[in-house]
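Protein chains in written order, with my numbering: chain A, 50 to 396; chain B, 30 to 553.
To be clear, the hints were calculated from the coordinates, so they are not data collected in a lab. Hints are not guaranteed to be accurate.
Said to hold, decoys possible - Take a look, some chain A residues computed to stay more than 12 Å from chain B by CB distance:
no., residue
1, A134
2, L167
3, V247
4, E378
Stated by the list, open to error - Computed footprint of chain A on chain B, listed as stretches where at least three residues anywhere in the stretch have a Cβ under 8 Å from a Cβ of chain A:
no., segment
5, 122–133
6, 387–400
Bear in mind the structure is a predicted one, so any value in this text is a computation, not a measurement. Heads up, the beta-carbon is just placed ideally off N, CA and C, and yes, glycines get one too.
If you want the building blocks of each chain, they are given just below.
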Amino acid sequence: MKKILGIVGLLVVVSILTAIKSPESFLSAYNLENLLRRSALFGIISIGAAFVIITSGIDLSIGSGVCLVGCLLPWLLKVHGWPVAAALPLVLIIPLLIGLVHGLLVAKLRIQPFVVTLCGLLLYRGAMRGLTGDQAQGFGTGFETLKYLALGKPFSIPLPLVNWIRDGSWGDWSQFVLWVACPMPAVILLLVGVAAAVFLNLTVYGRYLLALGRNEEAARYSGINTNRMVILAYVLCAGLAGLGGMLFVLDVNSAQPVDFGNFYELYAIAAAVLGGCSLRGGEGSILGVIVGATVMQVLRNSITLVGIPTQLEFAIIGAVILAGVIVDELVKRLAARRRAAREARDR
Amino acid sequence: MSPLPVNPLLEVRGITKRYPGVLALEDVDLNVHRGEVLAVIGENGAGKSTLMKILAGVQRPDRGQILWNGRPVVIDSVPAALRLGIALIHQELNLADNLDVGGNIFLGREPLRFGLIDRRRIDRDAARFLQMVGLDVSPRQLVSQLSIGRQQLVEIAKALSVDARLLIMDEPTSSLSQREAETLFRVVRSLRDRGVSVIYISHRLSEVQRIADRVCVLRDGRNAGELGRADITHDRMVRLMVGRDVSQFYQRLPHEPKQPVLEVDRLRTPAYPQHEVSFRLRASEVVGVAGLIGAGRTELLQTLFGVTPAVGGSVRVQGRATRIRSPADAIRAGLALVPEDRKQQGLILDMAVSENLSLVRLAHDQRFGFRNRRAERELSVRMIRELRIKTPSPRQIVRYLSGGNQQKVVLGKWLAIRPRVLLLDEPTRGIDVGAKEEIYRLMEQLAQQGVAVLFVSSEMEEILGMADRVLVMHEGRMTGELSGNELTEEAVMQLATGAGPASAVRPPDTADRANRSNSPKEAP
Numbered sequence: 050m051k052k053i054l055g056i057v058g059l060l061v062v063v064s065i066l067t068a069i070k071s072p073e074s075f076l077s078a079y080n081l082e083n084l085l086r087r088s089a090l091f092g093i094i095s096i097g098a099a100f101v102i103i104t105s106g107i108d109l110s111i112g113s114g115v116c117l118v119g120c121l122l123p124w125l126l127k128v129h130g131w132p133v134a135a136a137l138p139l140v141l142i143i144p145l146l147i148g149l150v151h152g153l154l155v156a157k158l159r160i161q162p163f164v165v166t167l168c169g170l171l172l173y174r175g176a177m178r179g180l181t182g183d184q185a186q187g188f189g190t191g192f193e194t195l196k197y198l199a200l201g202k203p204f205s206i207p208l209p210l211v212n213w214i215r216d217g218s219w220g221d222w223s224q225f226v227l228w229v230a231c232p233m234p235a236v237i238l239l240l241v242g243v244a245a246a247v248f249l250n251l252t253v254y255g256r257y258l259l260a261l262g263r264n265e266e267a268a269r270y271s272g273i274n275t276n277r278m279v280i281l282a283y284v285l286c287a288g289l290a291g292l293g294g295m296l297f298v299l300d301v302n303s304a305q306p307v308d309f310g311n312f313y314e315l316y317a318i319a320a321a322v323l324g325g326c327s328l329r330g331g332e333g334s335i336l337g338v339i340v341g342a343t344v345m346q347v348l349r350n351s352i353t354l355v356g357i358p359t360q361l362e363f364a365i366i367g368a369v370i371l372a373g374v375i376v377d378e379l380v381k382r383l384a385a386r387r388r389a390a391r392e393a394r395d396r
Numbered sequence: 030m031s032p033l034p035v036n037p038l039l040e041v042r043g044i045t046k047r048y049p050g051v052l053a054l055e056d057v058d059l060n061v062h063r064g065e066v067l068a069v070i071g072e073n074g075a076g077k078s079t080l081m082k083i084l085a086g087v088q089r090p091d092r093g094q095i096l097w098n099g100r101p102v103v104i105d106s107v108p109a110a111l112r113l114g115i116a117l118i119h120q121e122l123n124l125a126d127n128l129d130v131g132g133n134i135f136l137g138r139e140p141l142r143f144g145l146i147d148r149r150r151i152d153r154d155a156a157r158f159l160q161m162v163g164l165d166v167s168p169r170q171l172v173s174q175l176s177i178g179r180q181q182l183v184e185i186a187k188a189l190s191v192d193a194r195l196l197i198m199d200e201p202t203s204s205l206s207q208r209e210a211e212t213l214f215r216v217v218r219s220l221r222d223r224g225v226s227v228i229y230i231s232h233r234l235s236e237v238q239r240i241a242d243r244v245c246v247l248r249d250g251r252n253a254g255e256l257g258r259a260d261i262t263h264d265r266m267v268r269l270m271v272g273r274d275v276s277q278f279y280q281r282l283p284h285e286p287k288q289p290v291l292e293v294d295r296l297r298t299p300a301y302p303q304h305e306v307s308f309r310l311r312a313s314e315v316v317g318v319a320g321l322i323g324a325g326r327t328e329l330l331q332t333l334f335g336v337t338p339a340v341g342g343s344v345r346v347q348g349r350a351t352r353i354r355s356p357a358d359a360i361r362a363g364l365a366l367v368p369e370d371r372k373q374q375g376l377i378l379d380m381a382v383s384e385n386l387s388l389v390r391l392a393h394d395q396r397f398g399f400r401n402r403r404a405e406r407e408l409s410v411r412m413i414r415e416l417r418i419k420t421p422s423p424r425q426i427v428r429y430l431s432g433g434n435q436q437k438v439v440l441g442k443w444l445a446i447r448p449r450v451l452l453l454d455e456p457t458r459g460i461d462v463g464a465k466e467e468i469y470r471l472m473e474q475l476a477q478q479g480v481a482v483l484f485v486s487s488e489m490e491e492i493l494g495m496a497d498r499v500l501v502m503h504e505g506r507m508t509g510e511l512s513g514n515e516l517t518e519e520a521v522m523q524l525a526t527g528a529g530p531a532s533a534v535r536p537p538d539t540a541d542r543a544n545r546s547n548s549p550k551e552a553p
């Protein structure tokens, strides 16, 4: 719990700064709903990345996985006229199989995860560009039920005080609560997140993942089928990338094979690292990862709102993450030193 | 005649060093004279390593004074120590094994010629230092192609090349074969005769007895006493180290070997596929596996446990033919392995004591894949109590425990599943006398409860002291089995060196012949 305090703090600081600079836009119901949707979409793929990072691996093919599903689904539905009931299972099974192959190559053939998934990154996007002739794939109109998964708003969330802060209308009780529509991706993220957290923290398999991430050899000597667990992590990661890809494309209605999902693996990895995963493996908190993904989206949002040229987006995100990681490290050292001093005094 | 040196070469006065949570050294004094081999001994956590790190400039003391040739000095870095002439040779060697011998000796101090490395001079100078340590290899030989023992000599040559006056050797023989150790002793003696001083840290008291001119004992970060040449005996050293008498070190009760639980028939390991190994292990029996380093003992245990599956032969556990292709298979069959490399294979160092203790047991207590957290908690509390694991709490990270307590955690995680066959690979390597005694007591206790215990050890005392029966291996073969009166140090060495069976030695056992008479043994 202590671990994610830092990232929550970063989220609060960035939010407050943005709210001060641009209260009307940032704290509007529309913007908050959008922010929630984007954060949820990236949260889903970041959880997948976290599982792989916990095994001390890496998955660079997440963005291409998003592209694969994002292009394949409209391509099957519109170009080939497949029924939803056939196309949907297929586009969700393909990423699982991709994850299985990644996992087998990493666990059984012992190829480095970086290499395996780097090839995946090139392969899946390249294949989609070839398959679609590099043409944008879209749903057009229709498919309302399917689109509900990304665009639906099943209920609203009451946020107290936001109106007062935004408008300075302190004491106006009719404005006390701001109702923000909760988008479907946030509901899906909640389900995925709870399932992932339960899996990681309460099941034996979660313990096995954490153990093998720290020391695979000792885990194997303890009778844990480490290969199976590693494969599972890659399957989960690719599967969640696929699920994310489907929601992303439903959200924006069309996808360009050349850049759809570009760099998303880096957003996902950055969110996981911000959220407390160590690339050395064996560490991670699902809640932290979700907060990490949110921080990245709030940052992007504030860059737009505050009026910084969007060309600078990457530079700013990079600088903030780096600063966050440095501060985190310094705080950790300070705490260690304080503890040492206290123990020395108690003696 | 030169006048007697007035001052010792090195004089340490009142050194104190505190780490978070531990007072590592308190007011420690130490003198080293010129041309003297001073052994520093003590249990793990007694402060030996910390003291040596301070002398070598790796750590700085909180308090205290260091005199070198009678003059106060500040050793605030490794280069500062080297400038004085103090070189530390680490337990884990610090050689770049992609470089050759000469390159390693002069690493960071390469002689240059026109701005390029002067290979010829390296070869010439390196040869001189190699000769001083009696190492007959070319300076152009890659370090990775040398045995550990020879790599150690390269380290010493490197230290000599910076004109070290004081060599600090930390457990130098821990991974050496007997023969390599002998070479090392010779080198240490010849260095001493040249006037080089040596601080020698070791857990192996028999070595200390042979090589030390003086022994300084540390206990709990304080000076516990000193022994002059004439007083260095095993018993006196142990008494100073543990602060009490350890008269009954290997306490054993008679064993009543029962039905065979592990029958190994013509087993072939991937490491030595050309040799077949057969033996039997019975309930309530403690069997030792002796042999030199590289005799294939570790490989045998790893194959039995499914880490490196067998390439031939069969294994029966409790009379039933069992295929063991993975540690999970072995665990299911009732086997447990306490591996040789505790930190890499035995433990998840960065996890808590409780998480390590429950790791194997988890699968057994699970319900629909969920961990049984209550069982986990109870298990760790029970194991910490029963095995007397010294830890501030079950949530302590294992990395911060002492070697002996870490080993108890490894044992605990296996005892949690009540194995029928316990395999142990060098169970007491690198742990202190007190913890050793407790591990022996546990092995004994388990045998009493009907567990079949098979342990590999390179320590003769341990083999002779603990085993009912000893299997001896040499280069992947089982060269003999000894028990009863035949079980002597000479007989073991004879078989271990492949010298062929002496008259008193039987061929490898396949049947359950008479076991050793079950008399309890006295301490060595």
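Do the hints match the structure? See the list:
With a cut of 12 Å on Cβ distances, A134(A) stays outside the contact zone with chain B, its closest approach being about 31 Å. Taking the minimum C-beta to C-beta distance to chain B, about 26 Å, the non-interface status of L167(A) holds against the 12 Å cut. Some Cβ of chain B comes within 12 Å of the Cβ of V247(A); the nearest lies about 9 Å off, and the non-interface call is violated. With 12 Å as the threshold on Cβ separation, the claim that E378(A) sits away from chain B holds: the shortest Cβ distance comes to roughly 17 Å.
Residues of the segment 122–133 of chain B with a Cβ under 8 Å from some Cβ of chain A number 0, which does not satisfy the need for three, so the listed coverage is violated. Given as covered by chain A, the segment 387–400 of chain B passes the check, having 8 residues with a CB less than 8 Å from a CB of that chain where 3 are the minimum.
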